[in-house]
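A.B. asks: Below, each chain spelled out in residue letters.
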Amino acid sequence: MFESLTDRFEGILSRLKSRGRLSDADVDEILAEIRVALLEADVELGVVRTFTAGVRARCVGLELSQSLSPGQQVIKAVNEELTSILGGETLRITYAGRPPTVVLLAGLQGSGKTTTAAKLAQWFKRQGRNPLLVGADLQRPAAVDQLRILGAQAQVAVFSEPTDPVAVAIAGLEEARRLGRDVLIVDTAGRLSVDEELMEEVRSISAAVEPHYTFLVIDAMTGQDAVATASAFHDALSLDGVVLTKLDGDARGGAALSVKEVVGRPIAFASTGEKLADFDQFHPDRMADRILGMGDILSLIEQAERTFDEGVAVKGASAILSGRFTLEDFLEQLQQVKKMGPVSGMLGMLPGVSKDLRQASSMVDDRQIGQIEAIIRSMTPAERIDPTVIDGSRRVRIARGSGTTTTEVNALLKQFREMQKLMKGFGKGGLGGAMGGLGGLFGKGGINPRQLAELGAMGDGIDAGGTGGLATLGGGQPGAPAAARGAGKGKPPGKGKKRKGGGRVTPKAR
Amino acid sequence: MVGVVAVTPPLATVSDATLALAIAVPVVVVGGVTAISIRLRRRPSAAPGRPEAAVSPEAAVGRAPATPGGEASPEATPDAVRIAPPEEPAPITPAVPPGSTLEPEVARPTFRGRLGKARGLLAGYLGAVRSGDRIDGTTWDELEEALIRADVGVRSTDALLGTLRGRVKAGEISSAGELIDALQASLVEILTAPEAGLAPVGSGFGGDASAPDRTVDVWLFVGVNGVGKTTTVGKVATRLTREGARVTLAAADTFRAAAAEQLALWASRSGTDIVRGNEGGDPSAVVFDAVQRAGARGHDVVLADTAGRLHNKVNLVEELKKVRRIADRPPGRVTEVLLVLDATTGQNGLAQAKVFSEAVDVTGVVLTKLDGTAKGGIVVAIQRELGVPVKLVGLGEGAEDLVDFQPAAFVEALFDPAG
Numbered sequence: 001m002f003e004s005l006t007d008r009f010e011g012i013l014s015r016l017k018s019r020g021r022l023s024d025a026d027v028d029e030i031l032a033e034i035r036v037a038l039l040e041a042d043v044e045l046g047v048v049r050t051f052t053a054g055v056r057a058r059c060v061g062l063e064l065s066q067s068l069s070p071g072q073q074v075i076k077a078v079n080e081e082l083t084s085i086l087g088g089e090t091l092r093i094t095y096a097g098r099p100p101t102v103v104l105l106a107g108l109q110g111s112g113k114t115t116t117a118a119k120l121a122q123w124f125k126r127q128g129r130n131p132l133l134v135g136a137d138l139q140r141p142a143a144v145d146q147l148r149i150l151g152a153q154a155q156v157a158v159f160s161e162p163t164d165p166v167a168v169a170i171a172g173l174e175e176a177r178r179l180g181r182d183v184l185i186v187d188t189a190g191r192l193s194v195d196e197e198l199m200e201e202v203r204s205i206s207a208a209v210e211p212h213y214t215f216l217v218i219d220a221m222t223g224q225d226a227v228a229t230a231s232a233f234h235d236a237l238s239l240d241g242v243v244l245t246k247l248d249g250d251a252r253g254g255a256a257l258s259v260k261e262v263v264g265r266p267i268a269f270a271s272t273g274e275k276l277a278d279f280d281q282f283h284p285d286r287m288a289d290r291i292l293g294m295g296d297i298l299s300l301i302e303q304a305e306r307t308f309d310e311g312v313a314v315k316g317a318s319a320i321l322s323g324r325f326t327l328e329d330f331l332e333q334l335q336q337v338k339k340m341g342p343v344s345g346m347l348g349m350l351p352g353v354s355k356d357l358r359q360a361s362s363m364v365d366d367r368q369i370g371q372i373e374a375i376i377r378s379m380t381p382a383e384r385i386d387p388t389v390i391d392g393s394r395r396v397r398i399a400r401g402s403g404t405t406t407t408e409v410n411a412l413l414k415q416f417r418e419m420q421k422l423m424k425g426f427g428k429g430g431l432g433g434a435m436g437g438l439g440g441l442f443g444k445g446g447i448n449p450r451q452l453a454e455l456g457a458m459g460d461g462i463d464a465g466g467t468g469g470l471a472t473l474g475g476g477q478p479g480a481p482a483a484a485r486g487a488g489k490g491k492p493p494g495k496g497k498k499r500k501g502g503g504r505v506t507p508k509a510r
Numbered sequence: 001m002v003g004v005v006a007v008t009p010p011l012a013t014v015s016d017a018t019l020a021l022a023i024a025v026p027v028v029v030v031g032g033v034t035a036i037s038i039r040l041r042r043r044p045s046a047a048p049g050r051p052e053a054a055v056s057p058e059a060a061v062g063r064a065p066a067t068p069g070g071e072a073s074p075e076a077t078p079d080a081v082r083i084a085p086p087e088e089p090a091p092i093t094p095a096v097p098p099g100s101t102l103e104p105e106v107a108r109p110t111f112r113g114r115l116g117k118a119r120g121l122l123a124g125y126l127g128a129v130r131s132g133d134r135i136d137g138t139t140w141d142e143l144e145e146a147l148i149r150a151d152v153g154v155r156s157t158d159a160l161l162g163t164l165r166g167r168v169k170a171g172e173i174s175s176a177g178e179l180i181d182a183l184q185a186s187l188v189e190i191l192t193a194p195e196a197g198l199a200p201v202g203s204g205f206g207g208d209a210s211a212p213d214r215t216v217d218v219w220l221f222v223g224v225n226g227v228g229k230t231t232t233v234g235k236v237a238t239r240l241t242r243e244g245a246r247v248t249l250a251a252a253d254t255f256r257a258a259a260a261e262q263l264a265l266w267a268s269r270s271g272t273d274i275v276r277g278n279e280g281g282d283p284s285a286v287v288f289d290a291v292q293r294a295g296a297r298g299h300d301v302v303l304a305d306t307a308g309r310l311h312n313k314v315n316l317v318e319e320l321k322k323v324r325r326i327a328d329r330p331p332g333r334v335t336e337v338l339l340v341l342d343a344t345t346g347q348n349g350l351a352q353a354k355v356f357s358e359a360v361d362v363t364g365v366v367l368t369k370l371d372g373t374a375k376g377g378i379v380v381a382i383q384r385e386l387g388v389p390v391k392l393v394g395l396g397e398g399a400e401d402l403v404d405f406q407p408a409a410f411v412e413a414l415f416d417p418a419g
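Residue numbers (the numbering used here), protein chains in the order written: chain H, 1 to 510; chain X, 1 to 419.
Simulated from the structure, these hints should not be mistaken for laboratory data. There's no promise every hint is true.
[Unchecked claim] If you want a taste of the chain H side facing chain X, the calculated C-beta under 8 Å gives, among others:
id	residue
1	D42
2	L150
3	A171
4	V194
5	G223
[What the hints assert, rightly or not] Straight line, CA to CA, 27 Å or less: simulated DSS-like cross-link-like pairs of lysine-lysine:
id	chain 1	residue 1	chain 2	residue 2
6	H	K315	H	K414
7	H	K421	H	K315
8	H	K275	H	K125
9	H	K275	X	K322
10	X	K321	H	K275
11	H	K275	X	K354
12	X	K322	X	K354
13	X	K321	X	K354
C-beta: ideal position from N, C-alpha, C; glycine also.
Start from the sequences, fold in the hints, and give me the full structure.
C.D. replies: Next up, the structure:
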């Protein structure tokens with residue numbers, strides 16, 4: 001339904017290639033596209049205007065450089081402008097000298113305050129804090145029950161009593177002091193910004209507990225109204241930041257940009273899934289990519305790291321790097337990736353994936369994955385390791401065992417051969433090689449160089465230098481010593497061939 | 001690993017090369033890159049997730065089934081898996097005389113008045129436009145701005161204004177006032193659907209509870225998280241009960257903590273029967289039980305609350321399809337599938353409506369929280385592009401604040417310059 005900005009640009013920019021410089025007319029045309037893209041991403045109209053003016057200033061007379069295509073340059077300009085508006089850095093939480101640090105959550109009905117409260121509590125726990133949850137939503141039926149259940153899951157105590165919201169908040173604060181809790185999170189009822197009575201109530205709660213952080217919880221799917229709501233809450237409560245929820249949907253989340261621009265408070269946290277752990281501090285630069293529809297490989301990988309079984313991951317990495325990726329490995333990887341959610345959604349997060357492929361991905365469902373699994377599971381171990389032994393009669397057996405046809409078995413085997421080529425690319429040229437192997441799959445936009453640079457920093461051993469914005473995975477680069485240190489005995493990934501099961505399992509890292 | 005093969009679902013589609021790639025690419029790239037990055041990086045700090053695996057109730061929290069067998073075969077679970085009987089067999093509302101025809105629509109005067117709060121912004125623009133008589137560039141800009149700010153969306157706005165531009169050029173419209181009237185009329189036209197009324201309840205058996213081929217109507221309430229599904233079910237239950245229908249609630253949101261408790265409170269408020277399942281249980285089973293019970297007790301309609309689910313989560317949408325299939329088994333008969341949509345929702349609402357319509361054949365939209373500052377203009381795009389009508393509108397927290405959608409009042413209130 002929504003084309004990415006990159007797709008939109010392709011048409012315009014293909015005509016520009018021969019020229020060295022963007023004309024006013026070109027810029028107008030590009031800005032019109034940007035405007036539509038931003039509005040479809042729910043960026044507020046006023047913000048869109050300011051924004052396009054900013055991009056115009058950057059673009060007019062832009063010298064087209066050698067290394068980047070005009071499209072990449074414009075996207076870079078847009079991206080920089082977006083990132084600067086979204087706020088460059090993640091909010092640093094500081095703790096009160098005299099505990100507890102009080103956090104107040106407010107927002108409209110259904111924005112996800114109660115779930116956010118529990119997620120935030122768990123996040124503080126991960127930071128080594130000792131939080132207490134206060135259920136001051138006495139409005140919605142069973143809201144406190146919900147908080148208690150979620151609190152139990154997060155293993156954080158919940159305080160509430162059926163009095164009135166202000167009294168509960170005050171009693172909660174006393175309880176936190178009595179128990180020596182160092183963080184207090186107050187969940188409040190959802191309210192409309194036009195409901196003066198309820199706005200007064202939340203003001204009273206705020207006055208009573210004097211929060212160190214007041215966060216507005218906003219649904220990523222919010223439209224143009226985000227600004228009005230945020231301004232109203234900001235006027236009433238003086239916000240410190242925003243928590244953006246339901247980012248695991250396919251909404252572009254332009255509301256984040258609007259709120260930041262108009263209210264001037266950063267997006268502090270973002271919630272990206274239904275599990276309590278799917279919650280972290282907000283990374284403005286990644287959001288910029290998302291609003292532009294550019295994919296977010298970093299978040300994807302971080303998510304993967306949380307869900308992947310470490311043993312399997314290590315084994316898979318060895319297999320890939322050694323170029324001995326078998327069907328067995330593929331099956332294991334598939335299981336892991338499946339844990340992260342629908343595969344089709346994942347493809348959307350990969351940057352630079354071509355339109356055709358993205359469309360195809362919307363047709364992928366669990367059934368197809370089940371089919372692949374069934375076919376592989378119908379093979380003997382020997383066949384999984386070396387599919388070339390599969391002859392006509394084995395094929396028939398496998399098809400029968402998996403409830404498929406030989407055509408489908410053949411298709412999978414063919415696909416697997418392609419995949420193996422890809423894996424050889426991983427082993428040799430690193431990611432860059434693999435991308436090369438993917439050939440036409442990835443559009444010109446390719447992977448955003450900055451993301452790769454970050455990825456490099458993340459991986460400590462992945463050098464993002466690469467040519468043409470593609471990274472090379474390779475050891476012996478500047479980052480490698482750190483990787484070696486971090487990896488204990490595991491060697492940094494080799495330049496290729498000799499790697500083989502090098503990374504024995506991890507020294508217990510804690 | 002053995003034995004899993006047996007439960008693999010039958011094949012529906014032959015995977016062509018692109019489709020296979022669509023699976024292979026994420027698996028390989030995500031799997032590969034992650035594997036490598038995990039390996040490269042032994043974070044000294046506790047990796048979130050792992051160490052907690054023992055204590056974290058992931059199995060209970062996460063709904064994506066972790067076991068491959070389970071996930072690969074949504075169909076394999078026997079549909080008629082029985083859930084534990086509801087803990088508290090709620091008392092059946094006695095004595096609604098069978099065969100009572102549903103009362104005619106109670107007058108609901110609140111629509112315009114409640115919308116009043118919301119209309120200020122839009123009204124301001126249009127007031128300015130109307131006061132200038134000539135149609136010039138500014139006029140168009142103002143109209144565009146008004147529509148976009150109401151979340152109507154760029155494409156629908158362009159289409160609407162495009163048509164009007166044509167009419168201005170053709171000389172059909174010459175003043176700004178006429179232009180606004182024309183815009184208003186075309187919005188009303190878009191929003192007016194022939195089948196906008198709610199399905200009549202209990203028509204399946206003409207009120208005769210003992211008829212052998214009697215059916216139980218099922219209304220499914222679906223939508224993303226936090227739009228107000230449970231509250232809407234509660235309000236609809238109250239309304240239908242008042243109108244004389246015998247209602248059973250199915251608490252098929254077995255995922256969100258305390259969702260069933262929330263619905264149970266509505267059930268006791270409205271004096272309706274409720275069927276609950278176990279937390280984390282199969283929602284289809286809850287609906288199945290509710291239909292059976294409603295059938296046995298001669299109830300007219302089952303209102304099924306479902307868990308909020310983002311439309312891009314394939315397995316959750318599949319789960320919903322199954323709920324619908326099960327609900328349609330005799331004596332059940334799905335007569336309404338209502339997509340609950342929050343008025344604050346922006347352009348993503350269109351994607352939601354599209355996916356849910358394709359999956360469970362949505363019959364109408366319930367637009368909630370319209371008493372705030374949000375305009376809910378996305379319903380224009382939904383109606384225009386997908387033809388799904390708005391049936392109910394939520395204008396407040398009380399049960400009586402859920403009213404029938406009135407296109408003319410909706411549009412007029414948005415355009416009326418007199419606050």
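A.B. asks: Which hints from the list above does the structure break, by number from lowest to highest?
C.D. replies: 3
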